[in-house]
Amino acid sequence: MCRDCSCGELPTPAPTEAKVSAPAPPRRTLVLEAGLLAKNDHQAAHNRARFADLGLTVVNVLSAPGSGKTALLEQVSQRWTGGPVGVIVGDLATDNDARRLRRAGAEAVQITTGQGCHLEATMVARALEQLDPAALDLLLIENVGNLVCPTAFDLGEGLRLALTAVGEGEDKPLKYPGLFKSADAIVINKIDLAEAVGFHREEALANLSQVAPQARIFEVSARTGEGLEPLLAWLAAKGQ
Amino acid sequence: MHELALMEEVRRLAEEQAAAQGALRIHQLHLRIGSLSGVDPDALAFAFEVVMQGGAAQGATLRLEVIPTVCFCGQCEREFTPVDVIYACPSCGALSQRILSGRELELTSLEVS
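Going down the list, the protein sequences come from chains A and B. Residue 1 is where the first sequence starts when you use the working numbering, and the numbers rise one by one after that. Residue 241 is where the second sequence starts when you use the working numbering, and the numbers rise one by one after that.
Careful, some of the hints might be misleading.
[Claimed, not checked] Covered, in the sense of this in silico footprint (three residues per stretch, anywhere, with C-beta under 8 Å from a C-beta of chain B), are these stretches of chain A:
id	segment
1	24-34
2	146-160
3	168-179
4	209-215
Just so you know, the hints here were simulated from the structure itself, not pulled from any lab data. Built from N, CA and C at the ideal position, the CB exists for glycine as well.
Could you put together the complete structure from these sequences and hints?
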């Protein structure tokens with residue numbers, strides 16, 4: 001009977017050549033401890049050093065699709081008084097957002113990522129070649145609309161701004177804590193719609209203060225412009 | 241969502257290091273994935289099967305080690321593992337902003353021959 005079942009077959013004798021063939025090389029362990037994002041982190045460090053040399057304030061803006069990133073950046077571009085504003089916009093497809101931002105007065109470069117769910121530091125470095133960063137006072141990077149993937153990719157930014165809009169649910173920060181915990185500031189957008197969507201402001205603020213105690217909170221309507229001045233003042237102060 | 245791209249980086253690193261050490265086959269890959277890394281272990285395991293086809297690590301086993309989140313409480317000067325997404329110290333209730341581990345995304349080691 002063979003070893004594997006009760007088929008009654010005798011096991012085939014191993015060919016004698018196998019006994020004299022070279023033994024398999026011994027297995028050994030190679031310790032690497034290599035970061036999978038090391039290449040991105042390296043490029044991000046280069047970007048950060050370049051931004052520091054230029055004295056340029058760089059903001060990475062993250063949110064779900066449709067929270068109002070482009071509308072907010074249009075408002076900031078129009079109202080910024082410190083000097084020229086540059087915007088790098090990431091989307092899966094189309095350059096609609098860059099065209100909107102150019103109309104708002106910004107120097108805008110579109111990055112279309114295709115299937116890419118986030119921006120990477122090399123994309124920002126390449127986009128920078130299409131701008132004149134030495135002439136800029138503020139650089140805004142509109143990341144791909146996604147609450148998970150962009151969080152892990154450092155772009156070399158000085159500040160991270162997360163957006164959430166009323167109507168997305170007061171518990172959004174509890175569902176996507178990684179993004180909100182990494183933010184220097186959080187904008188609650190579309191406050192002009194708060195009543196219509198039954199927004200529970202106290203609950204939303206309580207959730208944010210627990211999940212992201214490090215972040216400054218701004219309540220804004222990017223459509224009407226309400227609440228923008230405190231955000232602009234905060235950005236200006238951070239750029240000093 | 242970018243697990244496939246991450247696994248391609250794993251293959252690149254693994255094959256480069258194995259070749260540099262004169263190894264022909266990769267039998268096992270050990271990855272450390274932090275629970276805050278934004279990566280789904282199941283999606284990573286699926287990507288592994290696809291990405292390793294036709295290379296030195298075809299048929300290799302994947303050892304995925306998920307690293308839990310560990311925070312530090314500055315008030316109590318102690319480490320703790322948070323029970324939920326609100327990183328409250330179990331002793332004093334203060335909210336921690338210092339994350340000691342949980343963000344790992346690392347190819348830790350290879351078993352080769």
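Structure-based check of each hint:
Coverage of the segment 24-34 of chain A by chain B holds [criterion: at least 3 residues with CB-CB distance below 8 Å; count 11]. Three residues within the 8 Å Cβ limit are the bar, and the segment 146-160 of chain A against chain B gives 5, so the coverage statement holds. Coverage of a stretch by a chain is defined here by at least three residues with a beta carbon nearer than 8 Å to that chain's beta carbons; for the segment 168-179 of chain A and chain B the count is 3, and the condition holds. A stretch counts as covered by a chain when three or more of its residues have a beta carbon under 8 Å from one of that chain; for the segment 209-215 of chain A and chain B the count is 4, and the coverage holds.
In this structure, every one of the numbered hints holds.
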